[in-house]
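Number of protein chains: 2
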Amino acid sequence: VTETRKALDLYNITFLPQGEKIAVAGKQTLKDAILETGIAFDFPCGGTGTCGKCRVRIIDKPLPPTPQEKKLLGKKEISQGVRLACATEIRADLTVQLEPPKRNTHRILHTSAQTGFHLEPLLAKKYVEVPTPSLADPKAYWNRLKDALGKKDRNFINLKVSLPILRDLPDLMRLAEYKLTAITKGEEIIGIEKFDTTCTLLGAAFDIGTTTVVGYLMDLYRGKELAVASSLNPQVNFGADVISRIAAAGKSAKDLKSLQRAIVNHVDLLVGELVKKAGVKREDVYALTVAGNTCMHHLFLGLDPKHLGVAPYVPVTNDLVISEARDFNININPAGRVFAFPNIAGYVGGDTVAVVLATGMDKSRAIKLALDIGTNGEIVLGNKERLIACSAAAGPAFEGAHISSGMRGAEGAIDSVSFGENLVYTVIGETKPQGLCGSGLLDVAAGLIELGIINKRGKLLSPEEVSNPQAAPFLGNIVKLAGTNAFLLAPETITAHGRPVMVTQADIASLQLAKSAIATAVQALIETYGIEIDDIREVLIAGAFGNYMAPHSACVVGLIPRELEQRIKMVGNAAGTGAKAALLSRRELERTKYISSRVEYVELASYEGFSNMFIQALRFHG
Amino acid sequence: VTETRKALDLYNITFLPQGEKIAVAGKQTLKDAILETGIAFDFPCGGTGTCGKCRVRIIDKPLPPTPQEKKLLGKKEISQGVRLACATEIRADLTVQLEPPKRNTHRILHTSAQTGFHLEPLLAKKYVEVPTPSLADPKAYWNRLKDALGKKDRNFINLKVSLPILRDLPDLMRLAEYKLTAITKGEEIIGIEKFDTTCTLLGAAFDIGTTTVVGYLMDLYRGKELAVASSLNPQVNFGADVISRIAAAGKSAKDLKSLQRAIVNHVDLLVGELVKKAGVKREDVYALTVAGNTCMHHLFLGLDPKHLGVAPYVPVTNDLVISEARDFNININPAGRVFAFPNIAGYVGGDTVAVVLATGMDKSRAIKLALDIGTNGEIVLGNKERLIACSAAAGPAFEGAHISSGMRGAEGAIDSVSFGENLVYTVIGETKPQGLCGSGLLDVAAGLIELGIINKRGKLLSPEEVSNPQAAPFLGNIVKLAGTNAFLLAPETITAHGRPVMVTQADIASLQLAKSAIATAVQALIETYGIEIDDIREVLIAGAFGNYMAPHSACVVGLIPRELEQRIKMVGNAAGTGAKAALLSRRELERTKYISSRVEYVELASYEGFSNMFIQALRFHG
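Chains A and B are the protein sequences, given in the same order. The numbering used here numbers the first residue of the first sequence as 1 and each following residue consecutively. The numbering used here numbers the first residue of the second sequence as 1 and each following residue consecutively.
Warning: the hint list may mix true and false statements.
The list makes no distinction among identical chains, and a pair is therefore deemed to hold if it is satisfied within one copy or across any two copies.
Claimed, not checked - Only pairs whose alpha carbons sit at most 20 Å apart, straight line, appear in this in silico EDC-like list of lysine to aspartate or glutamate:
(1) Lys-251 with Asp-168
(2) Lys-160 with Glu-324
(3) Lys-152 with Glu-120
(4) Lys-593 with Glu-187
(5) Lys-194 with Glu-129
(6) Lys-257 with Asp-168
(7) Lys-21 with Asp-60
(8) Lys-306 with Asp-171
Calculated directly from the structure, the hints in this document are not laboratory data.
Chain A on its own, in the form it takes in the complex:
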């Protein structure tokens, strides 16, 4: 048997907890095998072996660790059989524990502030009783339905219909004894159902982020939210950020299709979860709205994002795209439509349009600043007179990536830290700490700046260099690490994995780059608009990181101008709120087009004086 196997070079891998089995050729890595199964699994650095976060546990025969694994994993972990999926070459049959990120402990933002609008969905239902044909009235089936609808509503006089609907129409009308419910999209009839089904008309709004996907099931008649579902974007398998997704999609047309299928199937899965939670049927769902950044938008629609990856970062389209759910194999009502939010520019997408929509910036007299901070920060400044936007390449620091002890805002992450008499921190899920997420890192940096442990240039000082007496209780936490200082938050004895959680000098440098990117962008928008900082009435913070960050820390670090600290307002998942609004109101949907064409895009790469501004903004001012 062994001989045969060697000749064929095939090994059986079983993944737990899924129980998924796969036979793979040797010399591939566990990462290749995971990708082949289609199991959603997180490769934050895209499988390049640098982040050390694609941990798996080999159950039956742990192989000796590679030098890379020795470097990136704790001794305790190695002894427990933990290895890196991207570094483990397959040389034997294996049973592998994947422990995928637990969905419900993953902190994903659902709630948000909401502005008022008229409840009047573009998709509507109309019940009608059509006169039966006779020799005295032999009008065509379609025309008698259209005329009956036209009598009820003048808007339906010029209704359009498609050939597939016409094909089924006569039998349907007769079976339903000429009692029908028409589903309309403006002046177009997109579906016909037997008898009166006007009691249900549901839709789902999706906020598709690079990292997370959130879906809301909505009752379009009552404007009520029926269920929420969320999870990681399964495209994380192809890389953590937009750039690696563009690279993955650019390999071939097949790869683009794979990335599209990953997100589309996932949306379909979430729809299933939503209807199950709400106790309704998939057929009751008639519309989906989808808001995402421009790259997520392109990948969802199967548009090649390659030109987003190189200057001048040109999207394929910025227009609202309306498609049939059927064409995406998304299993909702056969009449179902998908509305993909319009974009503003290559790095300011439909999610930003949704934020403007939800916050009503385009209708406000007061000038507001909206920030959605992630790997790319999208920033909009203005009011109903003028709106300008730009994108800031903040890097992944705020999402806990490329930070020594960094992790996403999931169970085990230290998400807030305060320096009073003692060091106090909170851990998501109230378990043993495993790492530090963006908001925690921001708190640590802000605290150490205020204590004088980090100086203006961002240097983490040695205990003897610190002069502030208030810093005394924390000097013991400063440790030496390969010639520089680090600040210890949790020693290895109390962490979940037996490695310390700390903030290194390199981490502070990453944070400096990230905050400078945002601060420079804000400054550029203010200059372009030609106003003073004080003219900004409100700072609207949207998105996951922003909503968990402490406003005071953000101002101390210099992410947001200190003068505006009291005007900061958390608006939650405003992108999701905008997606819901467009689903519930045809006027709001129409407004997305207006916003997309109205918002001026400011390209920072060609902004005059950008480099100098950026270097200036690296400093901390406390």
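Given chain A's structure and the hints, the job is docking chain B onto it.
Here is chain B on its own, set in the frame of chain A:
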């Protein structure tokens, strides 16, 4: 070998001149085998064994004739191996000569009168040079194209586009160095081509009749006709008339598909012939218009015509249907669209809309009567104030079917007859006569009525009963046939097949039914409109039979009121002309919708006093 074959029950049939070979199970007929090959072949009675016209010649081993064949075929034919395809059971390998109707000798009407209109096709091309993207101008590909087009033409500001076009757009724009030609359909962009292709924009107009299909290739820029092609409708394989097609399509969804495929593939074939004749490419053709009766319309679009077969004869739709040529597998430009003419009622279809369009009846102050006479006669009466239409079930007499010596207007048909000093007739193709087509039959009947050989009740008198001295030279042509009289036109010695060509008493009865149907319909329309016969300024005769018939004969027989003889005008293939007009002008296309909704339909089946009117109209008045 014989044993094996019997067990399998399969025989090899070769059809000439195609050389098509097929293996079929025994106990089927040659008709089944022909249908299976898909070869276009004419079964006028739908293969019921009554018309005797599906003649084939068995080359190698002629089987003994069946009693049916003995009855329906001449002795000479039988000795030459001629048999009926529908009556010949397959019991051996056979080589069969099909001699399909020769296309170019088949008399199909191409030309017509034409009214003026503005040359402005709905499908248009626009060349544009799009600014290349830069960091200062990073607008999305689609939006920069749309904006460039909008600058050229204000109508293009809200252009719509489909996802498949968006998918290819960036690469196409770059390859074309941002020099593009957009193909538009109103406010929608349906195709984009590299560089300037505005020099060619072609379309094809199709008149799809139950029996014949005519296609015209048109230059949409210059309004010029480039080529004409025509042939039998291949659906004749499924039966000669609308009723047998409805029955054939109603058997199963698969059969409906077969009928659709037959006509759609045939249109595709004719497109190929048209572009070959004109020396252009299929890709240059962007639009097809299709005008046909309601049943042909339904079968072309794959709509089930079953409800057209039973009262109250309700069509699926009367609206203009616009589809993508791609969806029909019709190979023209990928952007190509198909416009199926709207209908008026179950038996007054898009071809009648096209006739009204071509003759401008809907714009005329003078009241006109239009007749398109075939198996179903469609009749329209009115002017711009009011238009009414009805359908008359004339039966197949005018098309030469169910007439003892009847045949279509093809080679060998006697198509005109005059009674001067001698009997004079003309034969299509100037060959030996084989039969009599509709216009010939009408002339014979009119002549015999005027000579007093046929009396008012339609009786073909015996020589001794005829009193008119002018009839003397023709009394010798009156022969006895199974107890009634018949009029001999050509004795068997001079015909192509060795059987006499004659008009029987039964043929006269068929003609009476046919002319009464039309005359009653005309009378009903006149009554409904509330006018006198003399108020009708013009009688417009459209379609094949009408254009070859002698107006005087039509009036003598009573097909058309005698008072209107001098007002009769032949308008040729007006349906084809209408189909061309809609292709060349968006206003004419728009007018088809207006006409379809404007024309009132009069249902003769429920018309008061119809039976009495019909019985009255059976008489001849000379």
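Numbered hints the structure breaks, given as an ascending list: Violated hints: none at all, because every hint is consistent with the structure.
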